[in-house]
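Using the hints, put the two standalone chains together into the complex.
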Amino acid sequence: MAEEKKPDPTVPPIAPAKPAAAPPPPKPAAPAAQPWDDELARSVRERFGSAVKDSLTYLGQNCFVVDAASITSICGYLKHEEEFNYLVDVTAVDYPKREKRFELVYILYSFPRNTRVRVKASIAESEPIDSVTPVWQTANWLEREVYDMFGIRFTGHPDLKRILLPDGWQGHPLRKDYSILRQDEQWVQENLHIESGQ
Amino acid sequence: MADDLKHTTAEATFLDASEIVLNMGPQHPATHGVLRVILKLDGEKIIGTECVVGYLHRGVEKIGENRTYVQFNPYVDRLDYVASVSNGLGYCEAVEKLLNVTAPPRAQTVRVILTELNRIASHLIWLGTHALDIGAMTPLFYTFNQREDILKIYENYCGARLTTHAFRIGGLQYDLYEGFEQQVKKFCDELPAKVDEYEWLLTTNRIWVARTQGVGILTAEEAIDLGVTGPMLRASGVKWDIRKALPYENYAEFDFDIPTGKNGDTYDRYLVRLEEMRQARRIIQQAVERIPDGPIMAKVPKVVKPPAGEVYHSIEAPKGELGYFIVSDGGLQPYRLRIRPPSFVNLQALDRMVRGSLVADVVAVIGTTDIVLGEVDR
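So the sequence lines, in the order shown, correspond to chains A and B.
Heads up, the first sequence is in our numbering, so the first residue is 1 and it goes up one at a time.
Heads up, the second sequence is in our numbering, so the first residue is 1 and it goes up one at a time.
Careful, some of the hints might be misleading.
Result set (DSSO-like, lysine-lysine): computed pairs, CA atoms no more than 27 Å apart in a straight line [to be verified]:
#  : chain 1 : residue 1 : chain 2 : residue 2
1  : A       : Lys97     : B       : Lys186
2  : A       : Lys97     : B       : Lys305
3  : A       : Lys161    : B       : Lys62
4  : B       : Lys302    : B       : Lys62
5  : A       : Lys100    : A       : Lys53
6  : B       : Lys244    : A       : Lys79
7  : A       : Lys176    : B       : Lys62
8  : A       : Lys161    : B       : Lys262
9  : A       : Lys79     : B       : Lys239
10 : B       : Lys262    : A       : Lys79
11 : B       : Lys186    : B       : Lys152
12 : B       : Lys152    : B       : Lys185
13 : A       : Lys100    : B       : Lys262
14 : A       : Lys176    : B       : Lys305
15 : B       : Lys185    : B       : Lys244
16 : B       : Lys244    : B       : Lys262
Label pairs and their calculated CB-CB ranges [claimed, not checked]:
#  : chain 1 : residue 1 : chain 2 : residue 2 : range
17 : B       : Glu222    : A       : Ser73     : 31 to 39 Å
18 : A       : Gln186    : B       : Ile20     : 27 to 35 Å
19 : A       : Ser73     : B       : Asp189    : 17 to 25 Å
20 : B       : Asp175    : A       : Ala69     : 31 to 39 Å
21 : A       : Pro112    : B       : Gln173    : 37 to 45 Å
22 : B       : Ile20     : A       : Asp159    : 19 to 27 Å
23 : B       : Pro29     : A       : Asp159    : 38 to 46 Å
24 : B       : Arg290    : A       : Asp38     : 36 to 44 Å
25 : A       : Glu185    : B       : Gln71     : 25 to 33 Å
From the derived model, a few chain A residues whose C-beta atoms are all more than 10 Å from chain B [as the list claims (entries may be wrong)]:
#  : residue
26 : Asp37
27 : Glu39
28 : Leu160
29 : Pro166
No wet-lab data here; the hints were simulated from the structure.
Beta carbons: idealized from backbone N, C-alpha and C, even for Gly.
So here's chain B without its partners, still in its complex pose (with noise of 0.2 Å):
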């Protein structure tokens, strides 16, 4: 089948007309937000794409140099608002690694919990609305009710539930509310059929397989030279994942896999996001074990006002490196706020993961790439 698509200019006939420009967006139900995709197509295989961003453009590394340290904290919920946690986390550790102080161990072990299961959340999501995209209705409605168990232990623990501000500069704000373990390993125990469920929709399903086999792939070579990180760049054979790499917080105490793919296809991304989120539960499921007792909070000035200096921190968020980069001048607000969105640096691989494809594999290429326009335009 794919041969047919290979034919040459020479034996173009008559009705193979001149290229056609279709708009794809900003608003379209697949493109995961208000993402604006420009194809240029021979009938209906893509010779070139032009992606157009800033629709969601917010201004929020501007914003972020009219604020304090503290102040700016909610602001980067919103960015990627699926995986608001950890967010949440990048930012309060780049502050706290200016300020030189390190959160006390209870407080690092309830982060690394509530980060992995906002990992899992966001995972969830995608594949919900990445098999909703290509056609599989069934996936959405049970990745978003499995979704609603990690939900409530937000609310339980912060009160919100999307853009949570669970952390805080130097700790967390709230302990642990009674009865967080009992629900965390509730969780936890029914997680792994949940998984094997939506392994036995997908996995083998022989419209998913066509759909996602051999589409969108990057090799390892092309992934590092965009940039490309997270499970993108994990599926296309790199073993790399920063909490791995250059730990934070005390993951270097948990026991988990990496998982990696060959093919960097689709097909082997969502396996790969299926696998992390099995090893997610693992990290969850250590770190629910042994809480320590303690401080949740460290020593940090009420006001807080870093020397002066800059700093690069990035964690390994559900879509790849989040990184933040502050600069600050000694005042109260950061001379300079940079936050490096993985989505915005893997959506530029979109051009090269579809050129000679066809027009449906620009929709399940956008839907593996994980975007969220939050975070591509902040």
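Excised from the complex, chain A in its bound form (with noise of 0.2 Å):
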């Protein structure tokens, strides 16, 4: 208790007040999309107005955001006046909290131009969109797995059925409410035995 108080050698010395730091340079930019202006962004806007609501380029890949209402007329002129002939990929990504839940993309590539282009169009939860079969077959089993793990209407579609989970599955995997722990219980206790569900 009485000891000849020593520095304790595991406790820093405390440092002299250091001189006030510089602030930190400012952090660069994060990328953002920017504006699209060229000659098909151009031509599409003109042609259909205020249904194209955007068009952005990011990392050099282009970018149309349309009105759901109109993405066959929009598909059809790309595919016929524009030349771009070869559906990619449909796809749709959950954005719970905007108004419109869900954002279809439509990526797009025209062998005779060598680029591509992405069309997305926003849909609110039950709403439908049309199909794009009747301009590209390939979007036959794409629009059927979206409506698979999105649970989306494709309108004309000849064969809207589920395509990777059984056809009694009940639930939309890939919104973002479907936690990924779970399963629907009771299609799995019927047609595979198994009691807990897991």
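Listed below in structure tokens is the structure:
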């Protein structure tokens, strides 16, 4: 108790007050989508006016944001007039906080022009959207998968039913409110005879 | 012979009973995995087909939303498990695009070598199993034996034969082991003789020609409309390869041809894939001569957190266009990770290719589509 107070070697000595450091340099602005305005963007905007809400480019990839109601006419125009004859992918992204929850993404490629373009359309939860199967046959299974995973209905699709999950499955797994550990317990118990559902 | 099949219903006798619905799979030796094909038959002629997939669905896209970018890398190998190096390449490149980094030149060249070896390995499996389904048992043993050489290279490089996890975001983890160049060169030297041997076994074989020529024809317009890519598209006459059209890594530095077919039938697809093996060897030989020195990993932060945005990147996988559409919200895990599988889209064309053929042709056409259910179902 009354020992000599030795400086505790484990505690570092208090450094003299540093002069106020210069504020850190501002971080470079995070890359953001830039407006896209070239010949293709202009011709589509001219043709469809207000149905095309925006045209952006990010990391060299161009994209249109359009009204869901005019998706088939815009896709038809892009295929027949602008030569985007290959539908690469149809998919969707779920943004539950937005008013129009699902954002459908169509990725198109043009063989003659060797360019890709994305077309995005947002729809609300139980809103259907027109199928683009009349424009490209590729969309058949791709839209079935989007229906299976998100529950988005495509009007005019020749055969809209589940493709990856079993037919009787309830729920749409890629929605954000479908937890990763969740399964359709009833289906699993009935068909696989696993009690716990896991 | 084919004319007998074209009888109209007016000529049908009472013996041509009503249509039969025949179920093929999901457990079937020739469906290359758990694929179920429901055939509607009129005798032995196919009137309609329906593919039921999803038996191998593992929810990989959902898993992608719950793992960090680095953690998701091994999952990608399990998609097309036969060509896992290509899957890894596509994923790493897509994330690198989001992060705006490029792998250093040494890493790029090594990636090209490993990916082209993977292309040869995938085509060897395709050839062996396709021939086996049609009835030719011998090529299977030869091709799998040759594939062993490639798998030994992978094992020496990264420790795994099948699901290699060979690449990392930003480059490579392991540098080349001593003896890599020699082993690859030896493999390339032996390849032409072996591919010639497969050709000698099959290309002018009467049975092979009878079973593959004119079977599963897909015209160029149909192929483009159905979104078919890869050797199937090239066999229909469309000279398009992502390695040439939208080059990635340093493919632009290498000199290679794109084989195409004329008729779009199974025989043409067979010839196209054989020639692709030879062209892949050309790329490997050029690449292995000039592996640059330098770092193998770009400057990637330890915690991979790409800025918010989305990117779509695709590569020419052995089966077709393999694409990754990644949406990032700036967080540690992807917001949406979509994998555009070539086998899934190519399998859609099965119905078109098989209408009006015989049941035996379904087996040939499934083989020629070169599907891997891991990729179809994810």
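Hint check, failures only: 1, 8, 13, 17, 19, 20, 23, 29
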